[in-house]
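Construct the complete structure from the given sequences, taking the supplied hints into account.
Residue numbers (the working numbering), protein chains in the order written: chain S, 1 to 149; chain V, 1 to 143.
Don't take each hint at face value.
[Said to hold, decoys possible] Sample of chain V residues at the chain S side, in silico, Cβ under 8 Å: (1) Phe67; (2) Gln70; (3) Trp75.
[Claimed, not checked] Residues of chain S placed beyond 10 Å of chain V at every Cβ, according to the derived structure: (4) Asp3; (5) Glu17; (6) Arg20; (7) Lys22; (8) Lys28; (9) Ser65; (10) Asp74; (11) Glu87; (12) Pro97; (13) Gly98; (14) Val100; (15) Arg119; (16) Met121; (17) Glu136; (18) Arg148.
[To be verified] Distance condition first, Cα-Cα at most 20 Å in a straight line; then the derived EDC-like pairs of lysine to aspartate or glutamate: (19) S:Lys49 <-> V:Glu4; (20) S:Lys93 <-> V:Glu4; (21) V:Lys82 <-> V:Glu8; (22) S:Lys149 <-> S:Asp3; (23) V:Lys82 <-> S:Glu127; (24) V:Lys79 <-> S:Asp99; (25) V:Lys82 <-> S:Glu90; (26) S:Lys93 <-> V:Glu113; (27) V:Lys79 <-> S:Asp41; (28) V:Lys82 <-> S:Glu25; (29) V:Lys26 <-> S:Glu46; (30) V:Lys79 <-> S:Glu88; (31) V:Lys79 <-> S:Asp3; (32) V:Lys82 <-> S:Asp132; (33) V:Lys79 <-> V:Asp128; (34) S:Lys137 <-> V:Glu8; (35) V:Lys26 <-> S:Glu25; (36) V:Lys107 <-> S:Glu90.
Worth flagging that the hints you see were computed from the coordinates, not collected in a lab. Keep in mind that this is a model prediction, so the values were computed, not measured. Using N, Cα and C, we set each Cβ at its ideal position, and we do this for glycine too.
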Amino acid sequence: MADKSKQGKEYPPIIWEVERGKIRELAKAIGDPNPIYQDRDAAILEGYKDTPAPPTFLTVPMMWSSSMPMVINDLKINFANVLHGEEEYEYYKLIYPGDVLTGIPKVVSIEEKTSKSGRKMDMVTVEILYTDQNGEKVAKARSLLIERK
Amino acid sequence: MAHEVYYEDINVGDEMPELVKGPLQKLQHVMYAGASGDFNPLHTDDDFAKAVGLDGVIAHGMLIMGFVGQAITQWIPRKYLKKFGVRFAGMTKPGNTITVKGNVVDKLVEGSENIIRCEVLAQDENGDIKVTGHFEAALPLKG
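Here is the structure:
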């Protein structure tokens, strides 16, 4: 079960340089043909300064940095029993190629709940606040992990 | 001419244009694993998935959220999106065809921002819900 003493704990920052190719690759993997994610000129015509990151792009620094597995290990959660329950983003600035993001993961809460079938679960909420190379807030990602016990 | 959406043109009850994705193929799980960095073998290795009691691989939840993001930003420009969240409600398997729908549930002025709030969902060809969610966007005024 999740280690409740870790509530409020912050983890080492994720440092992530945003590449144009990674933005395009994520859009292609989703099968999103919107030209703003793949073509700089098309993006500029639509009022962007370059190809912006798609709405779910922040999963890339989280997963490629292995940050989330590290948090899960540190909380002593059994990987095999974890479900991704919810994901939410708040966007403060667009993310563009060349941006260098710094994300600080934080365990904001760990709550025990009982499912309708009577099974106990720990609901673990992890937030990652991302800032850019100018120290400006870019986005906040909130993940709800459900550990079935 | 840029694709533009104005606050005045959106009303509570308006429907987001539907997006249909699929039938989904395992190959897309492999592409999404590589793009996202989520290499959980539950999404790419049938033997692994069967060993944990499934029929076979399931799609990444974040891929389905990506479909919802595609549906939103083909309607409301990416630059206006302020908030986007989902709850993962069911597993998606190869062969499923996913339809993303949404509708406007609220419109309000907050400070200098003109906000629309929408609910979204993704379901398969049987009507089984995969994802429910919501988003908020701050739209420009016509004048």
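Worksheet item: Which hint numbers doesn't this structure obey?
Response: 3, 7, 8, 9, 11, 28, 29, 31, 33, 34
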